[in-house]
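For the protein sequence lines, the chains are A and B, in the order given. When we follow my numbering, the leftmost residue of the first sequence carries the number 1, and every step to the right adds one. When we follow my numbering, the leftmost residue of the second sequence carries the number 1, and every step to the right adds one.
What the hints contain is simulated information worked out from the structure, not anything from laboratory work. One thing to keep in mind: the hints can contain errors.
[Claimed, not checked] Simulated DEER-style distance windows between Cβ atoms:
#: 1; chain 1: A; residue 1: Thr127; chain 2: B; residue 2: Ala35; range: 38 to 48 Å
#: 2; chain 1: B; residue 1: Ala40; chain 2: A; residue 2: Arg14; range: 42 to 52 Å
#: 3; chain 1: B; residue 1: Lys33; chain 2: A; residue 2: Pro113; range: 15 to 25 Å
#: 4; chain 1: B; residue 1: Lys33; chain 2: A; residue 2: Arg88; range: 29 to 39 Å
#: 5; chain 1: B; residue 1: Lys8; chain 2: A; residue 2: Ser53; range: 33 to 43 Å
[What the hints assert, rightly or not] Simulated pairs of lysine to aspartate or glutamate, EDC-like, Cα-Cα distance not exceeding 20 Å:
#: 6; chain 1: B; residue 1: Lys33; chain 2: A; residue 2: Glu51
#: 7; chain 1: B; residue 1: Lys6; chain 2: A; residue 2: Glu51
#: 8; chain 1: B; residue 1: Lys8; chain 2: B; residue 2: Asp56
#: 9; chain 1: B; residue 1: Lys7; chain 2: A; residue 2: Glu51
#: 10; chain 1: A; residue 1: Lys84; chain 2: B; residue 2: Glu5
#: 11; chain 1: B; residue 1: Lys6; chain 2: A; residue 2: Asp82
#: 12; chain 1: B; residue 1: Lys8; chain 2: A; residue 2: Asp156
#: 13; chain 1: B; residue 1: Lys33; chain 2: A; residue 2: Asp82
#: 14; chain 1: A; residue 1: Lys152; chain 2: A; residue 2: Asp82
#: 15; chain 1: B; residue 1: Lys7; chain 2: B; residue 2: Asp56
#: 16; chain 1: B; residue 1: Lys7; chain 2: A; residue 2: Asp82
#: 17; chain 1: A; residue 1: Lys84; chain 2: B; residue 2: Glu4
#: 18; chain 1: B; residue 1: Lys8; chain 2: A; residue 2: Glu51
#: 19; chain 1: B; residue 1: Lys7; chain 2: A; residue 2: Glu158
#: 20; chain 1: B; residue 1: Lys8; chain 2: A; residue 2: Asp82
#: 21; chain 1: B; residue 1: Lys6; chain 2: B; residue 2: Asp56
#: 22; chain 1: A; residue 1: Lys84; chain 2: A; residue 2: Asp156
#: 23; chain 1: B; residue 1: Lys6; chain 2: A; residue 2: Glu55
#: 24; chain 1: A; residue 1: Lys84; chain 2: A; residue 2: Asp29
[As the list claims (entries may be wrong)] Away from chain B, derived, C-beta distances all over 12 Å, residues of chain A:
#: 25; residue: Arg12
#: 26; residue: Gly35
#: 27; residue: Val76
#: 28; residue: Val95
#: 29; residue: Leu124
#: 30; residue: Ile168
All figures in this text were calculated on a predicted structure; none of them were measured in a lab. Beta carbons: idealized from backbone N, C-alpha and C, even for Gly.
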Amino acid sequence: MSTSTATLADYRRRTYTNRLGLWLFIFSDAFVFAGLFVSRFYLYGANFRPELSQEVGLLVTAVLGLSSYFAYRGDVAMRFGDTKAYFRNTMITMVLGVLFLIGVVGVEWQIAPHGPDESALWSLFYTMTGFHAFHVLTGVLFLGIVYRNARKGIYDAERHWPVEAAAIYWHFIDVVWFFFYAALYLIGVPPL
Amino acid sequence: MELEEKKKMAYRIGDTVLILLVALTAGEYFIGKYAPYWWAPLLAIALLKAFFVVRDFMHIGRLFAGEEEEVH
């Protein structure tokens with residue numbers, strides 16, 4: 001066995017352990033989001049939802065979904081050694097992530113009819129979207145750090161665990177939003 | 001399978017998932033707009049979307065692959 005083969009086998013073994021660790025983190029984090037999701041139904045029930053613009057909700061959901069698609073393409077590109085495509089797709093992912101943040105914090109929070117201090121219901125709305133937005137922000141930072149490292153040429157088709165990890169984390173944020181979108185924008189009607 | 005073929009296949013999976021997500025999101029939007037009390041179908045759609053992303057984008061299957069298995 002040559003030295004490079006031994007090192008690659010070692011890298012794959014470490015990656016497997018890293019992957020387990022990342023998924024453990026994701027499951028733990030998912031429980032926090034699940035707690036917020038359940039609280040929404042405890043406070044509003046299934047007949048009511050906050051008075052939010054469904055169009056804004058659809059728009060930010062589309063932006064985040066599209067960003068997940070480009071994150072996947074970036075991951076695939078790196079997996080097959082196409083660094084140019086990785087850079088392009090990851091840059092698009094980060095831009096869409098920032099647009100999502102602007103949509104939620106810069107638009108939705110500004111046009112929402114109530115503030116976080118007005119009722120438990122609205123406090124929960126800001127907690128859910130704020131906690132999620134913070135994950136989006138950290139996801140953009142994570143993608144940015146990996147992007148910067150990739151620029152230095154430290155990843156290739158065989159060794160690129162951070163690229164995969166950043167993409168998985170990004171998709172997780174997207175998955176959480178699927179449920180928050182339905183819970184906050186679709187299920188029930190605004191109270192009169 | 002040739003590497004180039006595998007790459008094309010991987011991109012194709014991404015395109016398919018995107019189309020599914022667009023269709024499901026459009027569907028849930030209209031349910032939310034015109035039948036907002038149908039909470040069960042809306043949650044089912046969210047679950048279905050999550051399933052596709054977790055399986056195809058997050059590669060949850062790799063968790064069950066061997067330690068030194070290649071992931072192409």
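For each hint, the structure was consulted:
1. The beta-carbon spacing between A/Thr127 and B/Ala35, approximately 28 Å, falls outside the hinted interval of 38 to 48 Å.
2. For B/Ala40 and A/Arg14, the hinted distance range of 42 to 52 Å is satisfied, since their beta carbons lie about 43 Å from each other.
3. Separation of B/Lys33 from A/Pro113 is about 19 Å and conforms to the stated range, judged on CB atoms against 15 to 25 Å.
4. About 35 Å separates the C-beta atoms of B/Lys33 and A/Arg88, a value consistent with the hinted range of 29 to 39 Å.
5. For the pair B/Lys8 and A/Ser53, the supplied restraint of 33 to 43 Å holds, since their beta-carbon distance comes to about 40 Å.
6. For the proposed pair B/Lys33 and A/Glu51, the alpha carbon gap of about 13 Å is at most 20 Å, so the pair holds.
7. Proposed proximity of B/Lys6 and A/Glu51 is contradicted: the alpha carbons are some 47 Å apart, above 20 Å.
8. About 15 Å separates the Cα atoms of B/Lys8 and B/Asp56, which keeps this hinted pair within 20 Å; it holds.
9. For the hint linking B/Lys7 to A/Glu51, the alpha-carbon distance of about 45 Å lies beyond 20 Å, and the restraint is violated.
10. The suggested pairing of A/Lys84 with B/Glu5 holds, with an alpha-carbon distance near 19 Å, which does not exceed 20 Å.
11. Of the supplied pair hints, the one linking B/Lys6 and A/Asp82 holds, its CA atoms being roughly 13 Å apart against a limit of 20 Å.
12. Annotation: proposed proximity of B/Lys8 to A/Asp156 holds, straight-line Cα distance about 19 Å (limit 20 Å).
13. Straight-line distance between C-alpha atoms of B/Lys33 and A/Asp82 comes to about 42 Å, which puts the hinted pair past the 20 Å bound.
14. A hinted pair counts as satisfied when its Cα atoms are at most 20 Å apart, and A/Lys152 with A/Asp82 qualifies at roughly 15 Å.
15. Annotation: proposed proximity of B/Lys7 to B/Asp56 holds, straight-line Cα distance about 14 Å (limit 20 Å).
16. A hinted pair counts as satisfied when its Cα atoms are at most 20 Å apart, and B/Lys7 with A/Asp82 qualifies at roughly 10 Å.
17. At roughly 16 Å between alpha-carbon atoms, A/Lys84 and B/Glu4 fall within 20 Å of each other, so this suggested pair holds.
18. Simply put, B/Lys8 and A/Glu51 have alpha-carbon atoms about 44 Å apart, too far for the 20 Å limit, and the pair is violated.
19. In summary, the hint linking B/Lys7 to A/Glu158 is supported, as the alpha carbons are separated by about 14 Å, within the 20 Å threshold.
20. Using a Cα cut-off of 20 Å, the hinted pair B/Lys8 and A/Asp82 holds, with the two alpha carbons roughly 12 Å apart.
21. Proposed proximity of B/Lys6 and B/Asp56 is supported: the alpha carbons are some 14 Å apart, at most 20 Å.
22. Between A/Lys84 and A/Asp156, the direct Cα distance comes to roughly 12 Å. Compliance with the 20 Å bound is thereby established for this hinted pair.
23. Pair hint B/Lys6 plus A/Glu55 does not hold up; C-alpha atoms about 38 Å apart against a cutoff of 20 Å.
24. With a CA separation close to 32 Å, the supplied pair A/Lys84 and A/Asp29 exceeds the 20 Å bound.
25. A Cβ of chain B approaches the Cβ of A/Arg12 within 12 Å, the least distance being about 5 Å, so the stated non-interface status is violated.
26. Every C-beta of chain B lies more than 12 Å from that of A/Gly35, the closest at about 17 Å, which supports listing it as non-interface.
27. For A/Val76, the condition that its CB be more than 12 Å from all CB atoms of chain B is violated, with the nearest at approximately 4 Å.
28. Residue placement check: A/Val95 keeps its beta carbon more than 12 Å from all beta carbons of chain B (closest about 17 Å).
29. A/Leu124, annotated as away from the interface, keeps every beta carbon of chain B farther than 12 Å; the closest lies near 17 Å.
30. Residue-level check failed: A/Ile168 sits 5 Å from the nearest beta carbon of chain B, not beyond 12 Å.
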